[in-house]
Amino acid sequence: MFSEPPLTGPAVRESALAEHSLGRLDEASSRFAELPGFARATRVRDACASAGMAGYPVALREALAVSLDPRHGAPEQVVAPHLRGVELGFAKVAQGADTGDPDLLGEVAAALTGRDHRPDEPLRRGQGWLGPSRERAWLLTPTSAHLAGALAQWTVWVQARPTLPRVARLALAHLQLELLQPFAVPDGHVARLFTMLELVREGMLRTSVLPLSVWLDRTGDEYREQVRHVVRTGEHGPWVEFFARGVRELADAQVSLLANLESLAAAYRARFPEGGRLARVATSLLGFPAIDHPTLCEAEGLTLKGATLLTDRLVAEGVLYPWESRRYRKVFLCPEALALLRP
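Its first residue numbered 1, the sequence shown is counted upward by one per residue in full-length UniProt numbering.
Keep in mind the hints are simulated off the structure, nothing from the lab. Positions of the beta carbon are idealized from the N, C-alpha and C atoms, including for glycine. A couple of the hints might just be wrong.
Label-pair ranges, simulated between beta-carbon atoms [what the hints assert, rightly or not]:
| no. | residue 1 | residue 2 | range |
| --- | --- | --- | --- |
| 1 | R161 | E274 | 47 to 55 Å |
| 2 | P162 | G55 | 29 to 37 Å |
| 3 | A339 | G203 | 29 to 37 Å |
| 4 | P238 | R280 | 29 to 37 Å |
SDA-like, lysine to any residue: derived pairs with alpha carbons at most 25 Å apart [as the list claims (entries may be wrong)]:
| no. | residue 1 | residue 2 |
| --- | --- | --- |
| 5 | K92 | A16 |
| 6 | K92 | M204 |
| 7 | K305 | Y321 |
| 8 | K330 | V315 |
| 9 | K330 | R115 |
| 10 | K330 | E300 |
| 11 | K330 | Y56 |
| 12 | K92 | G114 |
| 13 | K92 | L264 |
| 14 | K305 | T295 |
| 15 | K330 | L304 |
| 16 | K92 | E27 |
| 17 | K305 | V255 |
| 18 | K92 | L17 |
| 19 | K330 | G306 |
| 20 | K92 | P6 |
| 21 | K305 | P5 |
| 22 | K305 | A316 |
| 23 | K92 | R13 |
| 24 | K305 | G276 |
| 25 | K305 | A339 |
| 26 | K330 | R342 |
| 27 | K330 | E27 |
| 28 | K92 | T8 |
| 29 | K330 | P70 |
| 30 | K330 | T295 |
| 31 | K330 | S30 |
| 32 | K92 | D69 |
| 33 | K92 | R115 |
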């Protein structure tokens, strides 16, 4: 059975500070009028960063376009499966699913790679490792019955009553998933998505407003070194401190982002007639800064001609600019909001 390791004072303090920052983010997001769009854009940012970490870099504007319609992307891109995995996970949590359920994680892992989920064969079969290659690995992960047993122990521990601060427990649960690599997918993706889902299930955040992969994309070398330090020494305190500090910094950055978007929303409301369609669509773009004609027709009940006239006006006002996505499908992006969302 996995047991909670003793933690240093700095790790416990950093965990408490991180939870305070998460509370500030949750409060700020509750006041943001375009929260559903912002949460969706956050999931896209996370999927975009996660795909980049897997060796498939994609521009944020293209990931936003793919979120509107997968046909906007190129067939070789992996951002669409990442988006499906993220959306599936949050939909399941909204329905009351347990994030520690191996079957849920296996279903999400399958979606992340574009495979069909097979509940009778959810776990990785081949040898897993951490390191540059199998030959140069600094950890070989368990297989077969050992893997199933270790994952069962992880599940029992995750579902047990907590005795550590919530962010510290989350850091340890994330670490164990990273070390086990239980599914046939680069498991850093599963560990990151589990963390985002657990923040919502635990009630620390009301929805998906923390793009963890964005932070890890910036700190990948230190992340790997911290994991390796745990394997080498058995000391968990520095890892928890590192993880909690990252969560705190990312949450604080998201609070600042929301404040900047609020300022931009106020400028748009002053610029366009109050209660009018122009103001409504312009401010909605501050949540999710991409739109295409089919989406606009559905959201506003417009004909294609009406949607075209509306986007033409917003382009003339500088709120939107047109971008030809793959296969010549036109997407409109809000440059001011997009500039704020980029890392």
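Hints, verified against the model:
{"no.": "1", "hint": "R161 x E274: 47 to 55 Å", "result": "holds (50 Å)"}
{"no.": "2", "hint": "P162 x G55: 29 to 37 Å", "result": "holds (36 Å)"}
{"no.": "3", "hint": "A339 x G203: 29 to 37 Å", "result": "holds (32 Å)"}
{"no.": "4", "hint": "P238 x R280: 29 to 37 Å", "result": "violated (49 Å)"}
{"no.": "5", "hint": "K92 x A16", "result": "violated (28 Å)"}
{"no.": "6", "hint": "K92 x M204", "result": "holds (17 Å)"}
{"no.": "7", "hint": "K305 x Y321", "result": "holds (18 Å)"}
{"no.": "8", "hint": "K330 x V315", "result": "holds (13 Å)"}
{"no.": "9", "hint": "K330 x R115", "result": "violated (29 Å)"}
{"no.": "10", "hint": "K330 x E300", "result": "holds (18 Å)"}
{"no.": "11", "hint": "K330 x Y56", "result": "holds (23 Å)"}
{"no.": "12", "hint": "K92 x G114", "result": "holds (18 Å)"}
{"no.": "13", "hint": "K92 x L264", "result": "violated (33 Å)"}
{"no.": "14", "hint": "K305 x T295", "result": "holds (13 Å)"}
{"no.": "15", "hint": "K330 x L304", "result": "holds (13 Å)"}
{"no.": "16", "hint": "K92 x E27", "result": "holds (24 Å)"}
{"no.": "17", "hint": "K305 x V255", "result": "violated (38 Å)"}
{"no.": "18", "hint": "K92 x L17", "result": "violated (29 Å)"}
{"no.": "19", "hint": "K330 x G306", "result": "holds (16 Å)"}
{"no.": "20", "hint": "K92 x P6", "result": "violated (33 Å)"}
{"no.": "21", "hint": "K305 x P5", "result": "violated (63 Å)"}
{"no.": "22", "hint": "K305 x A316", "result": "holds (17 Å)"}
{"no.": "23", "hint": "K92 x R13", "result": "violated (32 Å)"}
{"no.": "24", "hint": "K305 x G276", "result": "holds (18 Å)"}
{"no.": "25", "hint": "K305 x A339", "result": "violated (29 Å)"}
{"no.": "26", "hint": "K330 x R342", "result": "holds (21 Å)"}
{"no.": "27", "hint": "K330 x E27", "result": "violated (36 Å)"}
{"no.": "28", "hint": "K92 x T8", "result": "violated (35 Å)"}
{"no.": "29", "hint": "K330 x P70", "result": "holds (13 Å)"}
{"no.": "30", "hint": "K330 x T295", "result": "holds (12 Å)"}
{"no.": "31", "hint": "K330 x S30", "result": "violated (32 Å)"}
{"no.": "32", "hint": "K92 x D69", "result": "holds (22 Å)"}
{"no.": "33", "hint": "K92 x R115", "result": "holds (18 Å)"}
Of the numbered hints stated above, those contradicted by the structure are hints 4, 5, 9, 13, 17, 18, 20, 21, 23, 25, 27, 28 and 31, listed in ascending order.
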